[in-house]
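When you get a sec, could you build the whole thing from the sequences and use the hints?
Chains as they are written, first to last, in the numbering used here: chain U, 1 to 220; chain L, 1 to 666.
Among the hints, erroneous ones may be present.
Stated by the list, open to error - A partial selection of chain U residues facing chain L, derived with a Cβ cut-off under 10 Å: (1) 114; (2) 138; (3) 146.
Derived from the structure by calculation, the hints contain no laboratory data.
Note that the Cβ used here is the ideal one computed from N, Cα and C, for glycine as well.
Spelled out from the first residue to the last, the chains are:
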Amino acid sequence: MQALHFDIAHMIDALVLMMGFGLLYQRRLRSVLRTFAFQATALAAAAAWQAYIQEAPHLYATAAIALFFKAIAVPMALNWLVQRLGIHRAVETALGVGPSMMIGVVLVALSILLVLPVTENATALTRESLALAMSVVLLGLLMMITRRNAVTQVVGFMALENGLILAAVGAKGMPLVVEISIAFSVLVAMILFGIFFFRIRERFDSLDLHYLEFYRGERQ
Amino acid sequence: MTVIVALGAFLPLAVLAIVGGAMAAVHRVVYAGCFLAAAALALSGLFFFGGPAAPQTLVLPFGLPWLQAHFRLDALAAFFLIIVNLSAAAASLYGVAYGAHLPEPRRVTPLFPLFLGGMNAVLVADDAFIFLVAWEFMSLSSWLLVLSEHRSAESRHAAFVYLVMAVFGTFCLLPAFGLLAGAGGGYAFDAMRASELGPVAATLVVLLALMGAGSKAGVVPLHAWLPLAHPAAPSHVSALMSGVMTKVAIYGLVRVLFDLHGEVAWWWGAVMMVVGGVTAVLGVLYALMQYDLKRLLAYSTVENVGIVVIGLGLAIAFKDEGEAALAALALVAALYHALNHSLFKSLLFLGAGAVLTATGERRLDRLGGLLHRMPTTGTAFLVGAAAISALPPLNGFVSEWLIFQSLFRGPALAHWTMKFGVPVVGAMLALAAALAAACFVRAFGIAFLGRPRSQVASGAAEVEGAMLAAMVALAVLCIGLGVVPVTVTGAIAAVAEPLTGVRLPTAVGLGWPWLSPVSSIRGSYSATVVTLSGLALIALTAFAVRRFGTRALRRAPAWDCGHREDIPNAQYSADSFAQPLRRVFGTTVFAAREQVVMPPPGDIEPARFTLHMRDPVWDGLYAPLARVVGRLADLVNRLQFLTVRRYLLMMFGTLVALLLMVAARQ
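Structural data, given as structure tokens:
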């Protein structure tokens with residue numbers, strides 16, 4: 001019974017990781033957002049499953065937050081913003097899809113190589129989930145770097161944060177998971193809008209920045 | 001502890017100067033208060049030598065919460081209290097009158113007591129925290145004083161260089177104390193004395209202390225800020241910076257090397273002697289080339305710091321090789337010279353300030369003939385110049401003689417490098433002493449003798465009484481410390497005793513007033529006898545001239561040295577006096593090139609003489625360093641204008657690199 005619990009937990013975690021790779025190879029914004037919604041759903045499932053096998057009811061709250069905010073509200077809001085602001089719908093890559101996938105594979109290998117020896121004393125469940133969660137974090141970071149568009153960067157950041165939540169729910173007896181997830185959600189919302197408006201202004205009002213450079217005496 | 005009370009008096013004085021700065025009388029009151037506080041501190045230093053010589057300690061409940069503030073007055077601190085506060089009292093007295101002559105007195109008066117307080121606090125500090133805070137306090141307040149004439153670009157440049165070097169100095173002292181404290185973190189000096197240092201730490205501490213305190217003292221090649229900053233400050237502050245602050249740095253060096261560290265290897269003594277010798281020679285060569293009176297004095301400070309460092313190095317070498325008596329001799333000589341230099345350098349700077357007040361000029365080429373217009377200033381300056389040139393019976397002679405006496409005992413050292421090296425350093429010291437005499441003949445001769453070289457010099461008048469009193473008091477001290485050397489060395493021997501373990505016998509074989517520290521055969525000197533016999537000879541000659549000379553009165557035109565009354569430019573100038581020495585030394589050291597352009601016959605253009613000199617230390621060390629720093633700053637500056645994505649990329653790269661490191665270590 002225990003083994004089955006582990007296998008199912010790992011399967012859901014792997015699903016989250018797979019969605020992380022999925023985010024890297026999407027070429028349209030709308031499908032990026034949809035993939036992200038899937039990843040968040042998988043995360044919610046992982047949290048719920050952990051709540052069940054650890055018999056920790058507060059993790060159900062985490063699952064609900066993930067499902068409601070990340071899988072539904074945020075993608076919808078982003079979709080709305082993309083339409084409303086008339087942003088170019090194609091994903092603009094700084095590094096092609098192929099190479100970034102390859103780097104992603106290397107990162108997953110790295111995190112497995114790193115986490116498994118470090119956590120020899122921990123339970124098997126924690127070890128593998130930690131390796132998977134860390135891969136998700138690194139993939140999110142990779143996405144933030146290799147994609148130019150503001151929306152994709154925000155999605156990358158939220159994918160990174162998904163990895164953190166995944167690590168938190170996987171560790172048995174981790175306190176404050178609910179609080180952490182709420183805090184992160186607020187943070188994400190703040191960064192989402194912050195980056196968004198910053199990037200929008202940078203893109204469309206580039207003249208302003210030039211004025212700023214003249215003003216600061218960096219250009220004559 | 002009276003010292004702490006007097007120390008605390010400086011703060012309200014500064015507040016008073018800030019609050020009441022609009023009224024001229026307040027400035028006088030503040031300087032008078034500084035005078036009283038400094039005099040009290042000097043007296044408490046003196047009383048320490050009179051009373052039982054046990055160190056007094058005091059712990060006050062401020063500072064770091066787990067450390068508190070430790071203060072301690074031992075013989076070394078008391079001696080340096082005297083050094084600092086004799087000059088500080090004179091400078092304060094001088095400031096009573098001089099402060100009003102400054103263009104912006106409100107920029108100077110509030111900082112003056114703070115500067116004094118900072119220097120005194122360094123001396124009585126007994127833990128690294130208070131020491132460094134006081135040290136920085138001293139640096140920053142003097143930095144602001146240098147900046148007081150902030151309208152001239154030269155002052156701003158000087159202040160900037162000073163600030164950079166002050167930061168560098170503290171940056172070196174901080175880890176030195178950290179190493180002394182060890183892993184246990186005993187930042188009180190008592191704990192540092194007790195702790196043992198490893199071989200690497202012992203070496204590093206000496207190096208860092210030499211660089212940290214040496215940069216404040218002006219040891220070549222860390223002297224670059226000194227001749228810029230010292231002249232830029234108002235003259236009574238210059239006197240303190242040059243005469244006293246360098247001594248506080250020497251105090252720091254002695255405290256770390258002889259007291260806290262305790263077991264410095266002999267070869268560090270050799271290093272210090274070489275550095276000191278180079279400092280002395282280069283400093284005086286620089287001084288000889290200067291046209292600006294105050295800058296000349298500042299470079300001469302570099303020279304004298306070199307002499308003190310030679311003495312300290314020799315003491316370290318002797319101490320490590322077990323020659324405790326000779327170590328005590330060298331240390332006493334170095335400390336004596338520090339005391340002397342503080343007196344005559346303060347005197348000379350105050351004299352330069354008087355000249356500046358009377359004429360508004362610092363350039364030697366625009367002075368001349370001031371002795372007739374400012375007789376008291378001129379005489380006091382002459383005493384200072386004679387003392388710094390080490391002429392008997394003045395104090396400068398005694399200390400340099402003592403340093404030579406200890407150098408002559410160099411062959412007593414076991415290592416052959418020292419046996420051969422010590423005479424070389426002795427030769428450098430001799431060269432420096434001779435050049436210093438030439439330098440001050442030039443400074444006094446051009447500024448005070450001859451005929452006025454400018455309108456302002458011919459219109460000069462004697463300065464106010466308070467300024468004269470300060471200078472005369474210092475001149476009297478210079479004579480006094482020279483005439484009774486045995487009494488002084490006896491007191492300094494009490495300072496050196498706990499640091500070297502031996503009390504220096506000041507008169508071996510001969511009694512008072514003969515100073516014969518080694519043996520009566522190897523060398524002995526009695527300034528008292530020299531003075532008395534000199535005075536007797538003078539009286540005898542005067543009597544003989546009056547008694548046996550012709551009574552017939554004869555009037556004849558005075559010999560005018562071959563130049564006409566109405567052309568003062570035909571006199572020796574500062575430049576022409578320095579030319580022979582510049583040709584001998586300057587061609588190699590400063591790459592001096594002279595260029596004479598003679599117009600062809602019939603052309604009415606004047607002939608032109610141009611002199612090009614380069615500063616080897618600045619060109620060889622500071623300029624390349626500044627270029628490298630500038631280039632690095634440009635590189636780093638690019639990081640400021642990256643896109644968000646690139647910043648993320650850097651973060652990502654760092655993270656992955658760290659993870660790889662962790663993975664690789666398993």
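We went through each hint and held it up to the structure:
At a threshold of 10 Å, the smallest CB-CB gap from residue 114 (chain U) to chain L is about 4 Å, leaving the interface hint in force. The closest approach between the C-beta of residue 138 (chain U) and any C-beta of chain L is roughly 8 Å, which is under the 10 Å cut-off, so the hint is satisfied. Taken as an interface hint, residue 146 (chain U) checks out: its beta carbon lies about 9 Å from the nearest beta carbon of chain L, inside 10 Å.
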